[in-house]
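Please construct the entire structure, taking both the sequences and the accompanying hints into account.
Chains as they are written, first to last, in numbering that gives the first Met the number 0: chain E, 0 to 298; chain R, 0 to 202.
If you are wondering where the hints come from, they were derived from the structure by calculation, not from laboratory data.
Think of the CB as a built atom: it goes at the ideal place given N, C-alpha and C, for glycine as much as any other residue.
Misleading hints may appear alongside valid ones.
[To be verified] Listed next, the stretches of chain E that the computed footprint assigns to chain R, with coverage defined by at least 3 CB atoms under 8 angstroms from CB atoms of chain R: (1) 11–24; (2) 27–34; (3) 54–66.
[Unchecked claim] Once the Cα atoms are required to be at most 25 angstroms apart in a straight line, the calculated DSS-like pairs of lysine-lysine come out as: (4) K162(E) <-> K175(E); (5) K172(R) <-> K175(E); (6) K172(R) <-> K142(E); (7) K198(R) <-> K175(E); (8) K210(E) <-> K162(E); (9) K155(E) <-> K175(E); (10) K175(E) <-> K168(R).
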Amino acid sequence: MTDIATYNFAYLDEQTKRMIRRAILKGIAIPGYQVPFASREMPMPYGWGTGGVQVTASIIGPDDVLKVIDQGADDTTNAVSIRAFFKKVANVAVTTDTATATIIQTRHRIPEHPLTAGQVLVFQVPIPEPLRFLEPRETETRKMHALEEYGLMHVKLYEDIAKHGRIATTYAYPVKVEGRYVMDPSPTPKFDNPKMHRSPALQLFGAGREKRIYAVPPFTDVVSLDFEDHPFEVQTFDQPCALCAAENVYLDEVILDDHGGHMFVCSDTDHCEKRRADGHRGHLAPDTHPASENMEPAQ
Amino acid sequence: MDIAVQSIEGGFADPVFNAQAVFRAVMDAMARPGSVQPLPALARPPAPLSATSGAIALALCDNDAPVWLDPALHASAAVISWLGFHSGAPLANTPADAHFAFVATPAEMMALDGFSQGTQDYPDRSTTLILQVADLTSGTPLLLEGPGIETTATIAPAQMPRHFVEQWKQNNKRFPRGVDIILASPEALACLPRTTRIKMLEA
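Dropping the structure here:
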């Protein structure tokens with residue numbers, strides 16, 4: 000505890016925490032509604048997860064186990080520095096294991112491992128307003144939410160179909176929460192949208208620069224907007240993960256050389272590592288025998 | 000005991016961690032309506048403010064969050080000065096100005112629509128009610144449905160307001176406006192956010 004003596008526990012002062020806590024409770028009571036809050040300056044720039052960090056700092060306690068992911072990965076800059084931040088200012092246990100974490104702060108992914116009751120997923124949100132790119136005026140979008148007037152969003156999706164033959168939105172795909180509020184799920188790939196629907200975990204969203212907090216309680220309907228003749232579909236991949244051979248997971252493309260070589264690997268690093276530890280091997284996985292340098296198909 | 004002493008003693012022994020523990024209990028209860036979250040007595044407010052609702056006040060109220068006290072609580076100078084000393088929360092002039100309303104005798108309380116319901120544009124500007132109940136098991140069982148509840152949940156708080164089920168239906172109909180309720184029993188709390196539907200009364 001000596002390290003944190005110069006800070007209040009979890010960095011924020013108590014009055015700020017109370018203000019954020021009140022906003023979180025209102026957000027949970029009105030699923031999908033964006034609660035304004037007095038976002039503070041954090042020791043990191045806007046766009047680096049200041050909203051998520053403030054939410055996490057307000058809910059975290061000494062018994063919590065924190066996991067932080069950035070685009071699914073536990074080992075990228077944003078995830079590493081936020082994890083280090085909370086280790087320093089709150090002295091909490093941190094992990095990369097999805098199942099043992101009590102709080103998971105995430106930038107743009109939902110873990111592949113199913114979440115359980117009692118876990119809290121904290122999203123970092125850049126633009127919380129799903130209607131913002133269609134209507135720049137806050138006064139208007141607020142009225143549209145108040146009147147449940149979401150025609151503009153359907154026009155946008157329809158124009159996608161008219162132009163591209165399909166709904167071209169692939170991330171930050173708008174959802175309707177509990178049949179009332181249209182919500183931005185943050186820029187997660189639409190692949191993750193079905194995981195939000197009736198999830199046993201509590202989902203909290205923090206947007207620091209835009210000063211909004213919203214929430215989806217457990218077991219709440221989260222339905223991706225679509226049309227009868229153009230139903231919502233998630234991305235599919237025509238090959239499994241090159242390292243762990245996982246199918247039906249979200250994959251990242253990794254460029255291997257300047258001759259067009261590339262591979263697709265799990266975006267969720269924890270999931271991929273666990274599968275490889277269990278003996279799953281993809282076609283580009285490093286061979287266990289040091290003798291054969293070249294990669295060989297596992298099967 | 001002297002009011003000055005009563006109003007100074009009985010705050011959180013460990014303000015940072017106690018406030019966090021109380022908030023997490025309220026958050027979990029709000030996220031899972033009907034679930035009962037145990038809460039040790041972390042605050043010792045003067046009667047008739049209970050230990051549980053006193054702890055909620057210390058965890059959530061401050062000078063940005065005006066509180067309203069029901070007549071039973073308002074009659075106690077010790078309660079008013081305890082809340083003032085420990086939380087700094089101002090007293091709301093009317094129930095409709097309050098962010099939080101503390102009710103010691105829910106059976107005699109005013110109608111739910113007398114509190115702030117928020118506006119259609121800002122439904123978060125509503126009153127959160129903290130009702131002190133004797134327990135959460137001996138009253139009329141309420142069957143709950145809605146967000147946060149997998150199938151159904153049952154809770155049976157004692158001494159609820161009159162015509163509560165009918166009043167709550169009206170509260171549901173005002174969605175997204177409406178009030179949220181925290182039920183504070185001596186050693187636990189449970190929540191009824193405005194999205195929770197009371198399906199029916201069990202026989």
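Against the structure, the hints come out as follows:
{"no.": "1", "hint": "11–24", "in the structure": "holds (count 10)"}
{"no.": "2", "hint": "27–34", "in the structure": "holds (count 6)"}
{"no.": "3", "hint": "54–66", "in the structure": "holds (count 5)"}
{"no.": "4", "hint": "K162(E) <-> K175(E)", "in the structure": "holds (24 angstroms)"}
{"no.": "5", "hint": "K172(R) <-> K175(E)", "in the structure": "holds (19 angstroms)"}
{"no.": "6", "hint": "K172(R) <-> K142(E)", "in the structure": "holds (19 angstroms)"}
{"no.": "7", "hint": "K198(R) <-> K175(E)", "in the structure": "holds (23 angstroms)"}
{"no.": "8", "hint": "K210(E) <-> K162(E)", "in the structure": "violated (34 angstroms)"}
{"no.": "9", "hint": "K155(E) <-> K175(E)", "in the structure": "holds (15 angstroms)"}
{"no.": "10", "hint": "K175(E) <-> K168(R)", "in the structure": "holds (23 angstroms)"}
When held up to the earlier numbered hints, the structure conflicts with hint 8 and nothing else.
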